[in-house]
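> Each chain, written out:
Number of protein chains: 2
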Amino acid sequence: MIRKTIAVVLAYALAQTTSFSQTTVKEDFKPSTLNQPGQEYPQVNSQGYARFRIKAPKADSVRVSLGLGGKGGTLLSKSDDGFWVGTTGGPMDEGFHYYNVNIDGGKFNDPGAKNYYGSVRWESGIEIPAHDQDFYALKDVPHGHVQQVLFPSKSTNTSRRAFVYTPPGYEKESSKKYPVLYLQHGWGEDETAWSNQGHANLIMDNLIAEGKIKPFIIVMTYGMTNEVKMGGMRNFKIEPFQTVLVDELIPYVDTHFRTLTDRSNRAMAGLSMGGMETHTITLNKPEKFGSYGLLSGGLYTPEELKDQPKAKLIFISCGSKERPEAVKKAAEDLKKAGYNAVSYVSADTGHEFQTWRRSLHELAPLLFKN
Amino acid sequence: MIRKTIAVVLAYALAQTTSFSQTTVKEDFKPSTLNQPGQEYPQVNSQGYARFRIKAPKADSVRVSLGLGGKGGTLLSKSDDGFWVGTTGGPMDEGFHYYNVNIDGGKFNDPGAKNYYGSVRWESGIEIPAHDQDFYALKDVPHGHVQQVLFPSKSTNTSRRAFVYTPPGYEKESSKKYPVLYLQHGWGEDETAWSNQGHANLIMDNLIAEGKIKPFIIVMTYGMTNEVKMGGMRNFKIEPFQTVLVDELIPYVDTHFRTLTDRSNRAMAGLSMGGMETHTITLNKPEKFGSYGLLSGGLYTPEELKDQPKAKLIFISCGSKERPEAVKKAAEDLKKAGYNAVSYVSADTGHEFQTWRRSLHELAPLLFKN
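These protein sequence lines are chains A and B, in that order. Residue numbers in the first sequence follow our numbering, run continuously in steps of one, and reach 370 at the last position. Residue numbers in the second sequence follow our numbering, run continuously in steps of one, and reach 1370 at the last position.
No wet-lab data here; the hints were simulated from the structure. Just so you know, even glycine gets a beta-carbon here, dropped at the ideal spot from N, CA and C. Careful, some of the hints might be misleading.
Where chain A lies over chain B, by a calculated footprint (3+ residues, C-beta under 8 Å) [to be verified]:
| no. | segment |
| --- | --- |
| 1 | 1034–1041 |
| 2 | 1055–1063 |
| 3 | 1107–1118 |
| 4 | 1140–1147 |
| 5 | 1150–1164 |
Construct the entire structure; sequences and hints are all you get.
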């Protein structure tokens, strides 16, 4: 199921590379907001084109993995000053993209960009400003904290890391208890993804400041228990991670944070592979979770759910460049069968973080309603 | 003062490169503990030699910035399989080292290694196992949390980031208040350094588990307010950061965490540039801080302190390859003048994180004693 999804995603990604018409590239390029301090490149223009500039004076070939050049990237051209420069063959989708740089046959990161964990490695990241970027902007509002916790895991004989978002005011309202969303990353990512790439904490801070949601806690941990290499999904088994999540992490969170511990105040959601995990674990352990979210990560059918304790909410989403009709139909089928199901399709985005930022922004106000 | 220190440090670093005799390199290399998941290289052997292996099939020249080759690094040799391989010209000092890879004249990171913020960029990191690594090892003991906070800063018109270590048990002992150490990184680093490179949280967890210290909070924030490029120290002024630290961060911490807010329960320490900042800020604002720590970052003289409220503790340290005699003499002079001064010299280390991990491990048990 997961392999099939990856194949579908790749097919969509390839399809996107041919859909650009000839337009004039505007020369209003600015440094990407994800650049390392003081770095002028990579840059992005107002149309969403990205321009790269890499120093490698004696290299014979430099290619960037992003950018629609028809052969899996943008081939840079050598300047007289030792820098290689190139612009994507078309505008990129809004939001965050991973990429890397091929220098003479070896894969490296762009020294100008910050790094983000994806594809089982720390990749370069670039941000194409989105028309709706305000909802995840860092604003002058009260901010929650993101706590790194190291929780004991007997099943894996390790201390494992999770990040816990506590909403603004958590420290002060010392008797208040909060609902909890367990939120999973995708394949090749880790527990840093939802904060670093997804801005989950800023999405929550802004929704809370606008009075649009009831504050809740978010817990993000690593969704695998084995060492993963490229292609390693073949041997993926859910049980070891399910044990870590349900038998080890949930009890840790419930004893170290002020949580509401009944099913109706605990939700699970995930993107891509994290959605697959959510699907499986909520079906295996319906007594633990009351609301479910699949973000570009599979579907529920009424048949799967029929002998289960009823979910308070089922949220299913994807980007418009993925399989929006399947997502909408799944929610319709669930609604017809009497479930509180909601679908969401992110406009003009694919299997990338802009889809998931928007999905969290849509999901959060629906969670933990009475 | 800071520029002079950097010059001295560079002189020591250069001096180190010639001190290695010919020995047989043992073929017991293992992947560095800081490698990205599944990556076999870089590797380290039991003598402290490092070996690098970089894929760049069509490159003409690959050099690693670490490693005592006499020309500022280790020149790798091309293998038939498209990989470049090389071993340092001698054993490296124990502990953490930053490095980068020069591919055909451009500076990149090693795709095999994780990245750490230093030198105003995310650099590759490698760990040479130390004989005393147990004190910062991840163990099966209760772990404190490291909280990312975004605090409002009117003086810079931004939300600024800090990391706050709260000791194990902080959540449960809901009426207990804790002393606070403000702990600063060095030049070119940021607020991630003390946790990522320094393992400050694990050092504390282990000391607390052994009953060797009274638990306290550590606050780590970015020690500059301007955008810094290489060489940018020339225009560095302390006042803007002092305002952020004293007038904005301390009040935020004291309202969002359960802190003891009197001078005797607040300390400041820093490494290298962070020591210089500690020196200046504690002399400017002695009513705010009761204990001072300079880790490879300058000295106090009795003359500077004579009209000041008396410090409870003055801790001065460095590596044995830095200026140990100056550090010891400064503490002696302070003791003669009636101050509670302590010096510490880290054996066989230079201006690197192993010196500062050890310094924190020495400093922590001395802080906040009654």
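> With reference to the structure, classify each hint as holding or not holding.
Structure-based check of all given hints:
Against chain A, the segment 1034–1041 of chain B contributes 3 residues with a C-beta closer than 8 Å to a partner C-beta. That satisfies the three-residue criterion, and the hint holds. Residue count for the segment 1055–1063 of chain B with a Cβ under 8 Å from a Cβ of chain A: 7. That meets the three needed, and the coverage hint holds. Under a criterion of three residues with beta carbons nearer than 8 Å to beta carbons of chain A, the stated coverage of the segment 1107–1118 of chain B is upheld, 6 such residues being counted. Coverage of the segment 1140–1147 of chain B by chain A holds [criterion: at least 3 residues with CB-CB distance below 8 Å; count 5].
Three residues within the 8 Å Cβ limit are the bar, and the segment 1150–1164 of chain B against chain A gives 5, so the coverage statement holds.
Of the numbered hints given earlier, the model fails none.
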